[in-house]
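Undergrad: So you can see what is in the structure, the chains are spelled out below.
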Amino acid sequence: MIVTNFFQGLRNSLFGKTPTQRRETRTAWLFLAPNLLGFMLFTVFAVGMAFWLSFQEWDLFNQSNPVGLANYIRLFTGDPDFMRALYNTVYFVIGVVPVGAVLSLILALLVNQKIKGVSLFRTALYVPVVTPTIAVGLIWVWLYNSDFGLINSFLSQLGFSQTPNWLTSSTWSKPAIVLTNIWQNAGYYMVIYLAALQNIPDQLYEAAKIDGATRWQQFSRITLPLLSPTTFLVFVMKTMGAFKIFEAAYIMTEGGPGGSTETIVYYIYKNGFEWFRMGYAAAIAWVLFAIIFLCTLFQFKIQKTWVYYE
Amino acid sequence: MKKILICLLLVLSCLFSLVNAASKTKVEIISWQTFGDGGFLDRQKEACEAANPDIEISYITVPSSEYYTKLLTMIASGSAPDMAMLGMDWLAPYAAKGALLPLDNYIEKGFPLDDMYDSVEECLKYKGKYYALPRDTTSNVLYYNKKLFQEAGLSFPTENWTWDDFLQAAKTLTKTDKSGRTIQWGFFFDIYPDGWYHWLLSNGTSFINQDFTQSTMNTPKVIETLQFLADLKLKHKVAPDAGQAKELGGSEGVFKSQRAAMYIGGVSRSYRFAEVPELEWDIAPIPYRTAKVSRVWSNLWVVPKGTKKMNAVWKVLSFYSGPQGQKIAAECRYGIPAFKSIAESPAFLTPLPEHKVYFLEAFKNGKPYPVFPQGQEYRTIMDRELDLVWAGERSVEEAARRIDEQAAKLLKK
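Those protein sequences? They're chains A and B, same order as listed. Plus 4 on top of the position in the first sequence (first one is 1) and you've got my numbering. Plus 52 on top of the position in the second sequence (first one is 1) and you've got my numbering.
Misleading hints may appear alongside valid ones.
Keeping only pairs whose Cα atoms sit at most 27 Å apart, straight-line, the calculated DSS-like set for lysine-lysine is [to be verified]:
{"no.": "1", "chain 1": "A", "residue 1": "Lys-274", "chain 2": "A", "residue 2": "Lys-248"}
{"no.": "2", "chain 1": "A", "residue 1": "Lys-274", "chain 2": "B", "residue 2": "Lys-149"}
{"no.": "3", "chain 1": "B", "residue 1": "Lys-361", "chain 2": "B", "residue 2": "Lys-76"}
{"no.": "4", "chain 1": "B", "residue 1": "Lys-289", "chain 2": "B", "residue 2": "Lys-177"}
{"no.": "5", "chain 1": "B", "residue 1": "Lys-461", "chain 2": "A", "residue 2": "Lys-274"}
{"no.": "6", "chain 1": "B", "residue 1": "Lys-357", "chain 2": "A", "residue 2": "Lys-274"}
{"no.": "7", "chain 1": "B", "residue 1": "Lys-122", "chain 2": "B", "residue 2": "Lys-179"}
{"no.": "8", "chain 1": "B", "residue 1": "Lys-230", "chain 2": "B", "residue 2": "Lys-199"}
{"no.": "9", "chain 1": "A", "residue 1": "Lys-274", "chain 2": "B", "residue 2": "Lys-122"}
{"no.": "10", "chain 1": "B", "residue 1": "Lys-198", "chain 2": "B", "residue 2": "Lys-227"}
{"no.": "11", "chain 1": "B", "residue 1": "Lys-464", "chain 2": "B", "residue 2": "Lys-161"}
{"no.": "12", "chain 1": "B", "residue 1": "Lys-181", "chain 2": "B", "residue 2": "Lys-122"}
{"no.": "13", "chain 1": "B", "residue 1": "Lys-419", "chain 2": "B", "residue 2": "Lys-392"}
{"no.": "14", "chain 1": "B", "residue 1": "Lys-179", "chain 2": "A", "residue 2": "Lys-274"}
{"no.": "15", "chain 1": "B", "residue 1": "Lys-344", "chain 2": "B", "residue 2": "Lys-360"}
{"no.": "16", "chain 1": "A", "residue 1": "Lys-274", "chain 2": "B", "residue 2": "Lys-360"}
{"no.": "17", "chain 1": "B", "residue 1": "Lys-76", "chain 2": "B", "residue 2": "Lys-360"}
{"no.": "18", "chain 1": "B", "residue 1": "Lys-464", "chain 2": "A", "residue 2": "Lys-274"}
{"no.": "19", "chain 1": "B", "residue 1": "Lys-408", "chain 2": "B", "residue 2": "Lys-198"}
{"no.": "20", "chain 1": "B", "residue 1": "Lys-76", "chain 2": "B", "residue 2": "Lys-199"}
{"no.": "21", "chain 1": "B", "residue 1": "Lys-361", "chain 2": "B", "residue 2": "Lys-181"}
{"no.": "22", "chain 1": "B", "residue 1": "Lys-344", "chain 2": "B", "residue 2": "Lys-361"}
{"no.": "23", "chain 1": "B", "residue 1": "Lys-181", "chain 2": "B", "residue 2": "Lys-273"}
{"no.": "24", "chain 1": "B", "residue 1": "Lys-161", "chain 2": "A", "residue 2": "Lys-248"}
Just so you know, the hints here were simulated from the structure itself, not pulled from any lab data.
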């Protein structure tokens with residue numbers, strides 16, 4: 005009886021209760037089908053395969069062998085390289101997310117002004133987002149040049165006698181990647197913030213002005229609270245993105261120097277495609293998924309304390 | 053009526069091309085080299101198809117940054133190409149996994165291996181079996197800028213140049229401006245392992261033992277060699293340090309722009325340098341300490357396992373790697389032909405530089421770059437540690453010890 009009820013409930017919620025509803029939902033499903041099929045085939049199926057693979061030993065050429073939990077055990081007990089990659093990745097997440105979010109907000113506030121040629125600025129700030137990471141990486145390699153790079157010549161003009169060897173010193177390589185990543189993605193989150201800013205009703209500001217609120221009060225009492233759902237979205241998305249940093253490190257430093265910019269995704273790539281350890285790579289990928297999942301869950305849990313929904 | 057005729061003609065011609073295509077065996081080749089630009093791949097295809105009318109060759113080009121990932125996934129998904137270009141450092145990893153077809157049976161039927169330098173032939177084998185034929189080969193030599201040597205009042209490098217002679221010259225050739233910034237370097241070297249491996253050979257050693265079971269970084273001669281190299285960058289400052297090297301546009305750019313007077317590398321550089329008319333340069337054997345040995349590198353053609361048309365593939369492979377194919381490559385200024393008879397002929401020897409014969413001399417005492425199944429992972433370990441040495445953040449001894457320690461786990465498997 006419970007089982008029948010369950011299936012009835014499932015059917016009702018998936019396909020609707022009345023015949024008309026059912027006809028309409030059927031059409032909806034038909035429209036969704038191509039997308040869903042693709043998602044099933046290329047995402048769900050592949051992810052499932054990867055899960056199965058993470059309990060196997062597979063070199064891509066020969067039959068795979070089941071090895072139980074061996075991949076996971078090795079990952080957590082006998083692989084200092086993974087631990088380093090994990091540390092580097094967490095460093096990137098902490099470095100990229102808060103600073104990047106604040107910067108995007110500032111940019112959004114700037115291009116939300118009614119000034120001449122504002123769309124030009126908006127476009128310019130968005131260009132890095134649509135530029136392939138490969139090109140971005142190559143340009144930043146130049147900017148980071150220790151002797152002739154733009155950044156260091158700027159620093160020495162400011163009076164610094166010792167300028168860092170950005171990409172070839174293990175102290176500065178991580179900040180360098182963080183900076184590039186923030187720069188590249190700032191425009192994207194700026195657009196998200198911009199949309200949210202333009203959704204804030206003008207009356208609120210007008211009312212505040214009449215009540216004699218300063219600009220700072222307007223910003224902190226109206227803008228920030230009303231932006232908090234967007235800030236939440238930006239944080240969640242930026243965190244996910246930062247955990248998956250790969251290309252920038254691959255192109256700018258090849259994980260170096262001394263492994264200081266090897267990220268988890270970089271390590272997955274190396275294991276799977278260069279060292280022929282697909283099973284192990286799959287296990288790392290699943291661990292990365294678990295980490296991101298837990299982080300996101302945590303962010304959702306604490307949003308009640310600071311996100312303000314109208 | 054006319055329309056019907058045209059239709060008939062169309063149908064007939066379609067049928068014809070079908071029959072024509074069906075009678076030809078298609079051989080698919082994957083490479084990171086482009087085609088369709090009249091280069092050696094196009095000319096080899098043309099000549100090979102002319103010699104074998106029953107074969108049709110098609111190329112797939114994958115950019116070198118994604119090449120091995122693509123090849124790997126093609127093999128893993130059962131859609132391997134019939135023939136693949138392979139850098140020799142990947143031969144052992146692929147062969148050890150059983151991904152390549154051994155070629156001994158075919159070579160026995162007749163392939164002129166005896167016309168090859170021993171050190172080149174060595175590049176084709178893994179555990180005593182042949183798994184590859186050469187696309188082309190090269191040895192390493194010392195490139196030097198004649199004008200900069202003359203300006204500094206130095207005589208040109210000779211066959212008997214030792215490390216000390218080299219260091220003296222490099223010091224003289226390094227120039228700084230008033231602010232102390234170096235404007236001309238005595239030497240430039242790439243920091244990936246093959247960028248300095250020849251220095252180990254010229255000191256009679258290597259980073260791994262003969263049967264690839266033990267990493268030998270932490271041995272006196274290797275440490276002496278690495279210290280010598282690190283000193284070039286950090287102590288004598290005759291070679292750009294890691295940060296400076298990155299901005300000089302790599303070995304090709306820095307030698308072409310005459311900002312480095314010396315460089316050690318393979319033949320492909322000479323074709324690039326020859327493009328700069330105002331550059332006056334020549335080559336010499338690499339400087340030695342205890343052994344006059346150069347490193348030999350071959351890029352290869354291999355056959356991924358599972359092809360069902362080996363007869364046709366062998367015809368193509370033995371043509372590309374055989375005397376005719378090698379001659380075409382030499383004429384296109386591509387690598388050094390793997391056969392003595394062609395390498396020692398004008399086809400290779402005529403264009404610049406003057407002492408080109410040193411490339412060939414180097415084969416006689418040459419040793420192949422060490423390749424073994426765990427080679428790629430070993431290289432990552434090595435790069436991680438040595439990066440810090442070149443940056444002056446870690447001592448050679450400590451890096452060597454740490455490499456051996458990590459490699460012990462890796463090589464045991």
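Undergrad: Hint by hint, note whether the structure agrees.
TA: Results of checking the hints against the structure:
1. For the hint linking Lys-274/A to Lys-248/A, the alpha-carbon distance of about 14 Å falls within 27 Å, and the restraint holds.
2. The straight-line distance between the Cα atoms of Lys-274/A and Lys-149/B is roughly 17 Å, inside the 27 Å bound, and the hint therefore holds.
3. The straight-line distance between the Cα atoms of Lys-361/B and Lys-76/B is roughly 11 Å, inside the 27 Å bound, and the hint therefore holds.
4. Between Lys-289/B and Lys-177/B, the direct Cα distance comes to roughly 40 Å. Violation of the 27 Å bound is thereby established for this hinted pair.
5. Of the pairs offered as hints, the one joining Lys-461/B and Lys-274/A holds, with about 18 Å between alpha carbons and a cut-off of 27 Å not exceeded.
6. The straight-line distance between the Cα atoms of Lys-357/B and Lys-274/A is roughly 24 Å, inside the 27 Å bound, and the hint therefore holds.
7. Distance check on the hinted pair: Lys-122/B and Lys-179/B sit about 26 Å apart at the alpha-carbon level, within 27 Å; holds.
8. With a C-alpha separation of about 23 Å, the suggested pair Lys-230/B and Lys-199/B falls inside the 27 Å cut-off, and the hint holds.
9. For the hint pairing Lys-274/A with Lys-122/B, the CA-to-CA distance comes to about 14 Å; that is within 27 Å, so the pair holds.
10. Of the pairs offered as hints, the one joining Lys-198/B and Lys-227/B holds, with about 16 Å between alpha carbons and a cut-off of 27 Å not exceeded.
11. Proximity of Lys-464/B to Lys-161/B is assessed by CA-CA distance (about 38 Å); at most 27 Å being required, the pair is judged violated.
12. Between Lys-181/B and Lys-122/B the CA atoms are separated by roughly 26 Å; this keeps the pair inside 27 Å, and the hint holds.
13. Distance hint between Lys-419/B and Lys-392/B is fulfilled; the C-alpha atoms sit about 16 Å from each other, no more than 27 Å.
14. A C-alpha spacing of about 25 Å is found between Lys-179/B and Lys-274/A, which places the hinted pair at or below 27 Å, so the restraint holds.
15. Straight-line distance between C-alpha atoms of Lys-344/B and Lys-360/B comes to about 45 Å, which puts the hinted pair past the 27 Å bound.
16. The suggested pairing of Lys-274/A with Lys-360/B is violated, with an alpha-carbon distance near 31 Å, which exceeds 27 Å.
17. Between Lys-76/B and Lys-360/B the alpha-carbon distance is near 14 Å, which keeps this suggested pair within the 27 Å criterion.
18. For the hint pairing Lys-464/B with Lys-274/A, the CA-to-CA distance comes to about 20 Å; that is within 27 Å, so the pair holds.
19. Restraint check for Lys-408/B and Lys-198/B: the C-alpha separation of about 15 Å stays at or below 27 Å, so the hint holds.
20. Under the criterion of a C-alpha separation no larger than 27 Å, the hint pairing Lys-76/B with Lys-199/B is inconsistent with the structure, at around 55 Å.
21. This hinted pair checks out: Lys-361/B and Lys-181/B have alpha carbons roughly 21 Å apart, not beyond 27 Å.
22. Under the criterion of a C-alpha separation no larger than 27 Å, the hint pairing Lys-344/B with Lys-361/B is inconsistent with the structure, at around 44 Å.
23. Note on Lys-181/B and Lys-273/B: the hinted pairing is violated, with a Cα-Cα distance of about 31 Å set against a maximum of 27 Å.
24. Only pairs whose Cα atoms come within 27 Å are accepted, and Lys-161/B paired with Lys-248/A is rejected, the gap being roughly 52 Å.
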